[in-house]
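Those sequence lines, one after another, are chains W and A. Take any residue in the first sequence, note its place counting from 1, add 230, and you have its number in the numbering used here. Take any residue in the second sequence, note its place counting from 1, add 230, and you have its number in the numbering used here.
Some hints here could point you the wrong way.
No distinction is drawn between identical chains; accordingly, a pair holds when it is met within one copy or between any pair of copies.
Below, in silico cross-link-like pairs of lysine to any residue (SDA-like), each with a Cα-Cα straight-line distance of 20 Å or less [to be verified]:
id	residue 1	residue 2
1	Lys247	Ile260
2	Lys511	Asn465
3	Lys254	Glu336
4	Lys442	Met545
5	Lys254	Gly378
Just so you know, the hints here were simulated from the structure itself, not pulled from any lab data.
Listed below, chain by chain, are the residues.
Number of protein chains: 2
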Amino acid sequence: MKLSRVGEFGLIDRIKKIVTSDSKNLLLGIGDDAALFRSRPGWITILTTDAMVEGIHFDLTYTPIESLGWKALAINLSDVAAMGGVPQYAVVSLAVPSNWEVEDVELFYRGMKQCGDFYGCMLIGGDTVSSNSGCFISVTVVGEVEDGLAVTRNGAMNEDVLCVTGKLGGSMVGLEVLKSGENKNRFPISVKRFLEPRVKLRESRKLVKEFKITSMIDISDGLSSEILHICQESNLGCLIEEDKIPVAEEVFLWAEKSGKSYSTYALNSGEEYELLFTMPKVEYKKFLSKKSAVAKFDFTVIGEMKPKSEGIKIMRQGSTVPLSPEGWNHFENIEKGRQNYFS
Amino acid sequence: MKLSRVGEFGLIDRIKKIVTSDSKNLLLGIGDDAALFRSRPGWITILTTDAMVEGIHFDLTYTPIESLGWKALAINLSDVAAMGGVPQYAVVSLAVPSNWEVEDVELFYRGMKQCGDFYGCMLIGGDTVSSNSGCFISVTVVGEVEDGLAVTRNGAMNEDVLCVTGKLGGSMVGLEVLKSGENKNRFPISVKRFLEPRVKLRESRKLVKEFKITSMIDISDGLSSEILHICQESNLGCLIEEDKIPVAEEVFLWAEKSGKSYSTYALNSGEEYELLFTMPKVEYKKFLSKKSAVAKFDFTVIGEMKPKSEGIKIMRQGSTVPLSPEGWNHFENIEKGRQNYFS
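Model the full structure from these sequences, guided by the hints.
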């Protein structure tokens with residue numbers, strides 16, 4: 231159905247039906263000038279926003295609109311996870327291209343709603359407007375974290391262990407599979423990881439509540455790039471062991487076809503949405519000792535923080551070389567004619 | 231300077247230098263995964279977001295980029311004013327077209343910063359990405375309002391007076407002047423009103439703190455359209471007197487040239503960012519009696535709320551006719567080939 235048939239306010243009513251939910255702290259949701267909610271004493275508010283632009287961050291020829299809705303919210307939830315927090319509310323600005331129909335807009339909101347329900351984040355407002363060029367999405371998430379538990383990028387200490395959740399590389403494989411026209415069903419985990427990323431909110435909460443995490447960041451630009459961020463912000467160096475980086479199984483399969491090394495995927499794949507974090511060695515020992523109790527998830531130590539003077543290095547086949555980040559950097563990549571996240 | 235020369239992280243550093251400010255409640259600003267701030271007990275949090283799309287909401291051939299930055303924030307602040315609140319923090323997603331240079335991005339942030347400083351709202355985060363089509367902007371503002379003082383659209387009561395701040399029509403005149411190529415200096419107030427709208431935050435606070443305001447909305451789509459919103463949400467009708475609608479002086483001048491009636495401007499001009507609100511008659515009498523004390527601003531009674539069965543009407547040249555809103559409705563206007571807000 232054409233958008234002009236339902237009009238702006240008809241569309242708002244349809245969106246309301248998709249996203250409305252209840253919460254005792256939410257006083258006013260979609261439909262007024264703004265949303266209203268109550269904050270809790272003893273908690274700090276988290277605010278984060280991320281944009282996605284058609285042709286830069288996504289390509290609708292291989293991205294289902296419902297997945298796009300999921301992902302637009304998920305990438306923001308991952309930022310909340312990176313702070314150690316709990317997401318609460320989301321608002322979205324969606325600029326809809328002229329070839330979208332009402333049903334497409336509804337699919338988008340349905341995808342967002344599914345992601346929000348899965349992670350306990352409520353969509354409480356937004357602005358849906360028309361675009362005469364591409365699709366543009368901006369999501370803002372409000373969350374909270376207990377006073378004293380928030381983790382930033384800049385608290386890593388010398389000799390801390392550097393750790394990562396999950397196994398890396400799959401998102402870049404998923405994108406390459408989708409672009410290549412390869413049968414998606416042969417790489418189902420990677421494709422799903424790229425299209426509808428899972429975020430490590432539960433894991434983040436376990437970490438900040440049970441251990442002393444000194445710094446944390448989510449892997450959106452690529453492992454090597456995020457390592458650089460933590461080192462720069464914490465004013466330290468580090469030494470990574472390439473062999474220790476956990477690599478997703480489908481990466482090995484795909485690397486055989488693509489001819490790239492599997493560690494290229496593990497180091498440079500963006501949109502992984504795993505957590506990269508540091509903790510003192512004594513905390514890591516604590517984890518090992520109570521592992522059976524907390525190990526509803528696992529993580530891997532991939533290296534150690536060093537003094538700044540020792541640089542940011544990786545041990546590869548017995549020799550130590552500088553780590554050169556090749557993750558996504560917006561304006562440089564565009565200049566080079568690179569499109570999407572990793573191509 | 232080309233954006234690729236400074237890169238994404240160089241750009242973030244430059245933006246930081248423009249927008250950084252201090253606040254005791256802000257714990258973490260631009261540069262990490264998210265921003266962190268403390269909320270106050272006894273206050274409710276307000277969350278609002280608004281998008282602007284090049285070619286739909288603005289045209290860079292006659293809009294200075296610095297004004298665009300001002301306006302992108304101002305339209306969100308106006309939503310906070312419509313709730314009776316105080317703005318605190320803003321985040322922005324900016325998708326930058328390939329022909330913009332570093333200096334253009336800086337101008338945008340400078341405009342936002344000026345607006346934020348003027349109204350006490352701090353820019354604490356955002357996402358600046360590249361676009362291979364037009365410019366997209368989405369701003370989200372967090373504000374607060376005392377528990378019990380928030381005003382929504384749906385609380386108007388039968389026989390309440392319907393009031394509006396300021397004088398209307400100027401924004402539409404400003405847009406028409408800019409599009410016509412007419413000398414801008416002949417309509418300075420209207421052009422300024424369109425490009426860098428002032429918002430009624432101070433007025434809103436006076437209203438909610440000193441009077442019992444039953445409903446409130448800001449005029450972004452046009453007076454007639456906003457009247458419809460209040461009536462629909464409050465399940466009431468109303469009777470407006472056309473002669474009482476305050477019209478900006480330059481509207482009369484421009485209407486002579488354009489051949490439209492001045493009331494067309496007053497009723498349909500969007501982006502006015504005045505406040506439309508209702509209050510019981512007894513409250514209005516209170517206002518009249520203490521006018522000298524509070525009248526650092528004025529407002530005008532333009533009509534009265536009626537039972538729903540009496541409809542939404544306007545008294546025009548002695549006869550009473552239905553009020554037909556012709557403000558902006560996104561998808562319908564686009565379908566009709568209408569561009570920008572009012573053309």
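Okay, the hints, checked on the actual structure:
1. Lys247 with Ile260: within (10 Å within a copy, 35 Å between copies)
2. Lys511 with Asn465: within (19 Å within a copy, 64 Å between copies)
3. Lys254 with Glu336: neither (26 Å within a copy, 41 Å between copies)
4. Lys442 with Met545: neither (27 Å within a copy, 69 Å between copies)
5. Lys254 with Gly378: between (25 Å within a copy, 16 Å between copies)
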